[in-house]
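Chains as they are written, first to last, in the numbering used here: chain A, 406 to 486; chain B, 314 to 1071.
Be aware that a few hints might be false.
Unchecked claim - Between beta-carbon pairs, the in silico distance windows are:
| # | chain 1 | residue 1 | chain 2 | residue 2 | range |
| --- | --- | --- | --- | --- | --- |
| 1 | B | 1003 | A | 468 | 27 to 35 Å |
| 2 | B | 566 | A | 459 | 43 to 51 Å |
| 3 | B | 936 | A | 465 | 48 to 56 Å |
| 4 | A | 470 | B | 822 | 34 to 42 Å |
| 5 | A | 470 | B | 1048 | 53 to 61 Å |
| 6 | B | 824 | A | 470 | 29 to 37 Å |
| 7 | A | 433 | B | 991 | 32 to 40 Å |
| 8 | B | 873 | A | 465 | 27 to 35 Å |
What the hints assert, rightly or not - Over 12 Å on every C-beta distance to chain A, these chain B residues come out as not near it, computed from the model:
| # | residue |
| --- | --- |
| 9 | 726 |
| 10 | 835 |
| 11 | 837 |
Said to hold, decoys possible - Calculated from the model, a selection of chain A residues having no Cβ within reach of chain B, i.e. all distances over 12 Å:
| # | residue |
| --- | --- |
| 12 | 413 |
| 13 | 417 |
| 14 | 427 |
| 15 | 429 |
| 16 | 433 |
| 17 | 449 |
| 18 | 469 |
| 19 | 472 |
| 20 | 482 |
| 21 | 485 |
These are calculated hints, taken from the structure and not from any lab test.
Using N, Cα and C, we set each Cβ at its ideal position, and we do this for glycine too.
Here is how the chains run, residue by residue.
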Amino acid sequence: MARVILPQALAPRAGGLLEHEVEGRNVRALLAALDARFPGLGAELEGRVAVAIDGEIYNDPLLEAVEPDSEVHFLPRVGGG
Amino acid sequence: MSEEKKFRWVGTRPIRPDGIDKVTGRANYGADFALPDMLWGKVLRSPHAHARIQSIDLKRAKALAGVHAVMTAEDLPDLFAEAAKSNGGHDSSNDLAHNVMARGRVLYHGHAIAAVAATSSAIASQALELIDVEYEPLPHVLDIASAIASDATLIHEDRVTQGVEGIEGFEGAEPSNIANRVQLGHGDPAEGFDLADEVIEREFTTRPIHQGYIEPHACLAQTTPDGRVTLWSSSQGHFMVRDYTAKLLDIDLSLVKVIPAEIGGGFGGKTTVYLEPLAVVLSRKSGRSVKMVMSREEVFRASGPTLGTRIKLKLGATREGVFTGGEATLHYEGGAFGGSSVMAGCMTIFAPYAFPHVRSTGYDVMVNKPKGAAYRAPGAPMAAFALETVIDEMAERLEIDPVDLRLRNAAKEGTLASFGPRYRRVGCVETLEALRDHPHYSAPLGPHQGRGIAVGFWFNAGLQSSAGVNLNPDGTVTVLSGNPDIGGSRASLALMTAEEFGIEYERVEVVIADTQSIGFTDVTGGSRVTFATGMAVIEAAADVRRQLCERAAAVWEVDAERVVWEDGEARLKGESDRAPLTLAELAQNAGRTGGPISGRAALTARGVGMAFGAHICDVEVDPETGRVEVIRYTAVQDAGRAIHPSYVEGQMQGGAVQGIGWALNEEYVFDSDGKLENPGFLDYRIPVASDVPMIDTVIVEVPNPKHPYGVRGVGEVPIVAPIPAVVNAVYAATGVRFRDLPLSPPKVLVGLDGKSAA
């Protein structure tokens, strides 16, 4: 299962924990699994954040593949100027 | 990518294709377009920082000869009301709608209230004076302290802080002027400070500043009775203009065509719209085309600056110079609607270094000032000002060379970044080593002179890009891009295309295509165009190369797998009796061998390469006047791979100069009523050529392994380090640590007189 790390601000929505073991082949599956565990969290993450999968940042990550041993950080989206 | 790859064109410095037009005045910017039936549009703006609009009487303005249309917010869909009915919340579209035209209340001095279209600019101005508005002035808040006070006047009475659900201390939160709270980090900073031998805690403030683009916002709108819209507009993204305009007017995207003008600077400030929706409404109402151009004063009063900040930062380190903990609390003004860059400030503030324990907490604060907009590496320069000056102080306290202290803690592959993930291959160490080894770092200094250094970081954005590559019958190549060319991207895209085909750079023409002639492309921003749109161009060129090989195979009557593309021609593997077919030959015969050859690519770019810069600044401080003169400056930056080194250097120099201006001169000055007192370049002073020395540049190349040529974005990193580099240099020259920008002569004099922290 992938190791998912949430932003600190969302920990209270996820049982107070930042890190979670989550199963899923891609980001969409991770979000669905998180949403099942913490209702509403997946939907909020999908609308607001980017992810870093094993250090690589994706701003529009829905179908990005996730390996069983991946480390997935949910991050704020950053554009630029 | 292979670091040994040899290039013919990448890394060379040809003249930019748009250069002649721009230096001879032929290039068409936003204000240069005109149509035969054109009217002039003008905007009436609020004289109050905060007031209820009791009534707007348009009768006298409408009656003026030459006036063809007048509009208010009543002529725009009420997106805010619709959203409020559906979910009680707000989003950026609603804020944008409310910002382009006030509805019910004005929220800052300069907020648009009404607009007119008339046969001349003078008549339009006269009509504005005939619009009768009754206001009920309301109390306003102009700074962070007063905005977050418990008894503060609320700018939006229904807004509860986002991001605080479940957070201790925010239970049952009432509406406030804090739009959003964010927190990032890992570990426990308190534990980190317990491990430290030295802990330094300081507070920093910065003032609102403008991006300083020379070209004002401008557009020309044409509408038809069947609902079609054509806009000529200067922006950082014509698809952004299309999407925002359609959204705010509730019309189909397919009905809106935006034709990009050249852009006279943007730096993030042209990633939104102000005039376009108004020009379209006025055009619809009048049945004529409408041109709108902001005056310089309007640009200052009503377009988005980057606003003020207050940052409290604590840093712990061992006596050996290893950082043990970092903690920062950042308050950023977002203007009247929130949406500041505090999130990016939180993400970047500790990013260049490894910390076992680190946390940044940010607050997006609403004040009665113009809605903030992006400014080059949004949020990062203020954050770097705080961290890099505290590091300078820490280096002094630990008696460690400031470069060595940074190198001992510099982020590298595998470092857990303060904003979340572990870094992949990055060039922070190599950039610092290049700075340390530069002759500037060890050059002697004179009396009243000092030297400062600082590091800057920015992510770079990937986002969406489209590209088209058309092969012309004469063997030339036309590249279609959806990104306005701000920093020389025509040249960089042409170089990559020439490299892909193995043809002369001069045989490639890059066209900035309108929204109906190229696929969707995100804005020119986030240091993304050479990286992301370049990636799309490379893919589209590969598509064409594949077709060329297939044509050659058809001509030779062999399988396509036996044909390779090398040095600008198709060659048959393993045989020598077939003369290669050049690109020109294949192009000339395309019609007889299957038809025109063109390629396209559309992608969401992956593999952004985060980038670091490190700057050295020497200043001389006049002890009698307090004037700070930058006497030598060197910018070092990891570009991954410089496609066109001159334009990478140009970005580095431009960013450095903007940062120097931010550090020393620039600030919005508001009076107590919230009226900007210096809305022009005479009183808002940006650096001019005589204010700065030649900015020396050193390009470090640690290739981004995820880009075909190793590109990292370069446009934003160079504005991050200058503020702390200048401030650290001023300390070295004077012995005074300044923590409130700008370091204008009066402030420096006060510091010198006190010889204590200002």
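Each hint tested on the structure:
Between residue 1003 of chain B and residue 468 of chain A the CB atoms are about 54 Å apart, so this pair departs from the stated range of 27 to 35 Å. In this structure the hint that residue 566 of chain B and residue 459 of chain A lie 43 to 51 Å apart at CB is violated, the actual value being about 36 Å. Residue 936 of chain B and residue 465 of chain A have their C-beta atoms about 54 Å apart, which keeps the hinted 48 to 56 Å range intact. Between residue 470 of chain A and residue 822 of chain B the C-beta distance comes to about 38 Å, which sits within the given range of 34 to 42 Å.
Hint check: residue 470 of chain A to residue 1048 of chain B, Cβ distance near 56 Å, so the stated range 53 to 61 Å holds. Range check, residue 824 of chain B to residue 470 of chain A: about 35 Å between beta-carbon atoms, so the 29 to 37 Å window is met. Separated by about 50 Å at the C-beta atoms, residue 433 of chain A and residue 991 of chain B break the suggested range of 32 to 40 Å. Distance hint for residue 873 of chain B and residue 465 of chain A: a CB-CB separation of about 34 Å, consistent with the stated range 27 to 35 Å.
A beta-carbon of chain A comes within 12 Å of the beta-carbon of residue 726 of chain B; the shortest separation is about 9 Å. Chain A draws residue 835 of chain B into its interface by the beta-carbon criterion, the shortest separation being 8 Å against a cut-off of 12 Å. The beta carbon of residue 837 of chain B is not kept farther than 12 Å from every beta carbon of chain A, the shortest such distance being approximately 10 Å. With a least beta-carbon separation of about 4 Å from chain B, residue 413 of chain A fails to lie farther than 12 Å from that chain, contradicting its non-interface assignment.
For residue 417 of chain A, the requirement that its beta carbon stay farther than 12 Å from each beta carbon of chain B is not met, with the minimum near 2 Å. The non-interface label for residue 427 of chain A is consistent with chain B: the shortest C-beta to C-beta separation is roughly 16 Å, beyond 12 Å. No beta-carbon of chain B comes within 12 Å of the beta-carbon of residue 429 of chain A; the shortest separation is about 18 Å. Residue 433 of chain A, annotated as away from the interface, keeps every beta carbon of chain B farther than 12 Å; the closest lies near 15 Å.
The beta carbon of residue 449 of chain A sits about 10 Å from the closest Cβ of chain B, which is not more than 12 Å, so the claim that it is off the interface is violated. Taking the minimum C-beta to C-beta distance to chain B, about 8 Å, the non-interface status of residue 469 of chain A is violated against the 12 Å cut. Chain B leaves residue 472 of chain A outside its interface by the beta-carbon criterion, the shortest separation being 15 Å against a cut-off of 12 Å. Taking the minimum C-beta to C-beta distance to chain B, about 8 Å, the non-interface status of residue 482 of chain A is violated against the 12 Å cut.
The claim that residue 485 of chain A is not at the interface with chain B is violated, since a C-beta of that chain comes within 12 Å of its own (minimum 3 Å).
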